[in-house]
Amino acid sequence: MELKASQIALETGGIFQDSDDIVINSVSKLEEGQNGSLGFFANLKYEKALYSSECSVVFVPSDFVPTQTCSAKLIKHANPYFAFCTILAKYFDPNEKKIGVEHSSFIHPTAFIGQNVYVGHHVTIEENVIIGNNCQIESGTYVGKNSKISDNSKIYANVSIYSGTIIGKNCIIHSGTVIGSDGFGFAPIGGKYVKIPQVGIVTLEDDVEIGANCAIDRATMGTTIIKRGTKLDNLVQIAHNVELGTDIVIASQTGIAGSTKVGNNSAFGGQVGIVGHITIAENTSVGAQAGITQSIKEPGQKLSGTPATDVNTYLRGVIGSRKISDIIKEVAELKREIALLKGK
Amino acid sequence: MELKASQIALETGGIFQDSDDIVINSVSKLEEGQNGSLGFFANLKYEKALYSSECSVVFVPSDFVPTQTCSAKLIKHANPYFAFCTILAKYFDPNEKKIGVEHSSFIHPTAFIGQNVYVGHHVTIEENVIIGNNCQIESGTYVGKNSKISDNSKIYANVSIYSGTIIGKNCIIHSGTVIGSDGFGFAPIGGKYVKIPQVGIVTLEDDVEIGANCAIDRATMGTTIIKRGTKLDNLVQIAHNVELGTDIVIASQTGIAGSTKVGNNSAFGGQVGIVGHITIAENTSVGAQAGITQSIKEPGQKLSGTPATDVNTYLRGVIGSRKISDIIKEVAELKREIALLKGK
Amino acid sequence: MELKASQIALETGGIFQDSDDIVINSVSKLEEGQNGSLGFFANLKYEKALYSSECSVVFVPSDFVPTQTCSAKLIKHANPYFAFCTILAKYFDPNEKKIGVEHSSFIHPTAFIGQNVYVGHHVTIEENVIIGNNCQIESGTYVGKNSKISDNSKIYANVSIYSGTIIGKNCIIHSGTVIGSDGFGFAPIGGKYVKIPQVGIVTLEDDVEIGANCAIDRATMGTTIIKRGTKLDNLVQIAHNVELGTDIVIASQTGIAGSTKVGNNSAFGGQVGIVGHITIAENTSVGAQAGITQSIKEPGQKLSGTPATDVNTYLRGVIGSRKISDIIKEVAELKREIALLKGK
Chain R
49 MELKASQIAL
59 ETGGIFQDSD
69 DIVINSVSKL
79 EEGQNGSLGF
89 FANLKYEKAL
99 YSSECSVVFV
109 PSDFVPTQTC
119 SAKLIKHANP
129 YFAFCTILAK
139 YFDPNEKKIG
149 VEHSSFIHPT
159 AFIGQNVYVG
169 HHVTIEENVI
179 IGNNCQIESG
189 TYVGKNSKIS
199 DNSKIYANVS
209 IYSGTIIGKN
219 CIIHSGTVIG
229 SDGFGFAPIG
239 GKYVKIPQVG
249 IVTLEDDVEI
259 GANCAIDRAT
269 MGTTIIKRGT
279 KLDNLVQIAH
289 NVELGTDIVI
299 ASQTGIAGST
309 KVGNNSAFGG
319 QVGIVGHITI
329 AENTSVGAQA
339 GITQSIKEPG
349 QKLSGTPATD
359 VNTYLRGVIG
369 SRKISDIIKE
379 VAELKREIAL
389 LKGK
Chain F
49 MELKASQIAL
59 ETGGIFQDSD
69 DIVINSVSKL
79 EEGQNGSLGF
89 FANLKYEKAL
99 YSSECSVVFV
109 PSDFVPTQTC
119 SAKLIKHANP
129 YFAFCTILAK
139 YFDPNEKKIG
149 VEHSSFIHPT
159 AFIGQNVYVG
169 HHVTIEENVI
179 IGNNCQIESG
189 TYVGKNSKIS
199 DNSKIYANVS
209 IYSGTIIGKN
219 CIIHSGTVIG
229 SDGFGFAPIG
239 GKYVKIPQVG
249 IVTLEDDVEI
259 GANCAIDRAT
269 MGTTIIKRGT
279 KLDNLVQIAH
289 NVELGTDIVI
299 ASQTGIAGST
309 KVGNNSAFGG
319 QVGIVGHITI
329 AENTSVGAQA
339 GITQSIKEPG
349 QKLSGTPATD
359 VNTYLRGVIG
369 SRKISDIIKE
379 VAELKREIAL
389 LKGK
Chain E
49 MELKASQIAL
59 ETGGIFQDSD
69 DIVINSVSKL
79 EEGQNGSLGF
89 FANLKYEKAL
99 YSSECSVVFV
109 PSDFVPTQTC
119 SAKLIKHANP
129 YFAFCTILAK
139 YFDPNEKKIG
149 VEHSSFIHPT
159 AFIGQNVYVG
169 HHVTIEENVI
179 IGNNCQIESG
189 TYVGKNSKIS
199 DNSKIYANVS
209 IYSGTIIGKN
219 CIIHSGTVIG
229 SDGFGFAPIG
239 GKYVKIPQVG
249 IVTLEDDVEI
259 GANCAIDRAT
269 MGTTIIKRGT
279 KLDNLVQIAH
289 NVELGTDIVI
299 ASQTGIAGST
309 KVGNNSAFGG
319 QVGIVGHITI
329 AENTSVGAQA
339 GITQSIKEPG
349 QKLSGTPATD
359 VNTYLRGVIG
369 SRKISDIIKE
379 VAELKREIAL
389 LKGK
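Chains as they are written, first to last, in the numbering used here: chain R, 49 to 392; chain F, 49 to 392; chain E, 49 to 392.
Everything labelled a hint here was simulated from the structure, so no lab data went into it. Every value quoted in this text rests on a predicted model; they were computed, and no experiment measured them. Treat the hints with care, as some may be off.
Because identical chains cannot be distinguished in the list, a pair is counted as satisfied if it fits within a single copy or across any two copies.
[Claimed, not checked] Computed list of lysine-lysine pairs in DSSO-like fashion (alpha-carbon distance at most 30 Å, straight line):
1. 193 <-> 345
2. 77 <-> 345
3. 93 <-> 383
4. 243 <-> 96
All chains, full assembly: derive it from the sequences and hints.
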């Protein structure tokens, strides 16, 4: 991919005024720049990196005036990072769109495939599946019967989508993820576990992204649901009947147990554990490795630790616990002194 | 699927005496009931939900007499929940049984396929594999050579079963799970890690269920074994040479390190970690996120925390640690007072 | 597989002097020995196990002289365990090498396939992929365009390798693992998350082994890199732009957040969490379930707990925290006594 600086400026609404219309063929951070790479500079804190960068072309803020010499050619833009991302997405996306149905895929005759769809090699699409327009279903993916994948969604390779799953528009599902596996429901009867049938489904609303190797269980009845705009990192566990609100972010290896409801705009660090059957208020922020053991009623809290408490209490507890052996010694010393005083 | 109330009663051994033989076409909880849905009512605590439910038909206990008007038609049954689950499993299973071998699957000529088996699209079944009667091997699954899957087992899509794996009767393996990958065994030699060959196998006994995206490693020698009736949730890690007893339940994202033995009827919350080479007594119950660092000798304990201790000690520790900063202040105050007393 | 004791001795450079050239057909630990099995005895602490073993043939140290009768025939060797592993790897490897391209695989015409390669059933190999000599690509695996897999590497079934991935020589990737999925990068704009394009790649150097169902994200720009000789267990998460040094071992379910750099020869227990954008010094050793929240500057430390500290501080904290309720009582008692003293 080769792009002229003038073209980049034109396409992003930036301003390029150098007479030397240089060509770029890669993208990079300023520090990792090299001949032919496009970079961006958005934060004045990193101004030094601009002057030492070997990038050929760099987006800079509209009102920026260099105070030192700078080998890169500059494109001025109101939002340099946004402009840079636009070029990345348009010209450097490593997973660009394909169209067509590979002949080794299996599509059941009752399935409906929209326009401009790609169905990869060794894909299986079962009875009554609906695949919307502009969808990309990569190689090795399985889509169980009665599922629906809406327009513009991308499912990467080797994803497993169980029957009845509903996926909204503009969703992205990364490889190895499983959607619609049975919830972990068993009735203990006479020392054995009898399986409780899991007959519900999973629903992902629009603009949801799910990372690699996640597991999202179908509801026992009804639906497990992930609402509009929510993003999951890799290896996340979502149990049966969980309800995730809109615009939530959940980092890798976090697990949410059955029937828990999470409020909109919440954010979870990695390896967080959340028990079942609780409700977490909107806009809750949870630190990595925390364990949430009861409902969070007040919105907007920042929580950490297990059982999770507000960050400040948690940090005081951590600092304190590292002082315990000192305290034990001090208390023993106080005892001795009191004994002495009493003896007087 | 449409079912008459009289038929439901007949098939489950319940009693339906209404002259209006209403038809249901879905199942739901009482609270989520709607016209045409079948529900159940088993616990008197939730009696209100029955009266306000929009379910058309509801299983109720044999001796139940409504004390308010109730729009649902009632089927009386000795065990309403069990009866309800029976109908779920028989008529609303989203993964119903199929029979036949899809033409895009590969079955090695030396493999043996039993009767009434389903082999999905793009399945690979290698040399000398034995698939028992009534098994379901869903699309994209790989079964390595010399493996055996016994009668009535169901393997969902995109499962990877390495060579030599033995799977018992009535087992269920969810998508993305890997069985028989190499144990994590390396000998550090001169600062590098040299691979120790992992030549053992994995054995699952009858009635085992494994969730989605689990990893169960083959033994270095001998076998990693999961005994009859044990159930694993999603994303669980079972290392080489682990032995799990019968009727154990393990929640999501728990990991068990190499050669550890777990006693029958134990239960583990999510994200528990268990070190290698220890033995855990029967009927041990472990809270979520606990870390078990040594053998548990006394059966029947309830453990929590890291390192795991009995729940009460753990809870006292948690409460105490949140008070540490107060204690530090109090100890400082006591010191001052003693100094004053000594000065007198 | 049947092997004579004399042949085993010859191939490993051991000494077998018994006139009865017994045949073995399996391998086992001494304790699990049976007629026909080969074992090893390397540590004098386990001498008893040798005398009671039912193994037919056992490797023993060159200078070992039995002090009791022993039914097994002995092969003397300078390094019995190494010799034993050599036989395991050569004759009992359950995943032995295959050659050829299965007809149900898809290989893009622009891909280059080296010599003595195996490409399994339902494999997909996209545009411009390079597969080196002696590679094994097992069934159901997906290799995205422009990827390179170097000589002698083995990719097990149902692995997903995204476009642009570079894999070195002698690497092993276990089933279900995903390499090159998008990093978890979003810009919060007006309460919604806008995807930041992830256009970098993943690089694995030579001799890297990755367990089952891991997730290794591509870099935002540049490359996520795992250097020579590093080994990952199952279900490990490596985020975008992480750099792992050489000869690192990482146990199961550990997660490393974005842009963190880990020094050579470090070792991590299971379920460890490491925050993003930090640097961990060489030769750091981290206990299971620890949480590393800041850079580790001094090499060679042993760390535990969350936030991770040196093991001794951690252990004192654990012991102390279990004594907190006693201390609270003692402090209350001291207060009372001081009040009494003051009253005097």
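The hints, checked one at a time:
1. In this assembly of identical chains, the alpha carbons of residue 193 and residue 345 never lie at most 30 Å apart, being 39 Å within a copy and 48 Å across copies at closest.
2. Taking the shortest alpha-carbon separations for residue 77 and residue 345, only the inter-copy value of 25 Å comes in at or below 30 Å, while the best intra-copy value is 42 Å.
3. Within a single copy, residue 93 and residue 383 get their C-alpha atoms no closer than 55 Å, and across copies no closer than 48 Å, so neither meets the 30 Å cut-off.
4. For a Cα distance limit of 30 Å, the shortest separation of residue 243 from residue 96 across copies, 28 Å, qualifies, whereas the shortest one inside one copy, 63 Å, does not.
Figure legend: structure checked against the earlier numbered hints; hints not met, in rising order: 1, 3.
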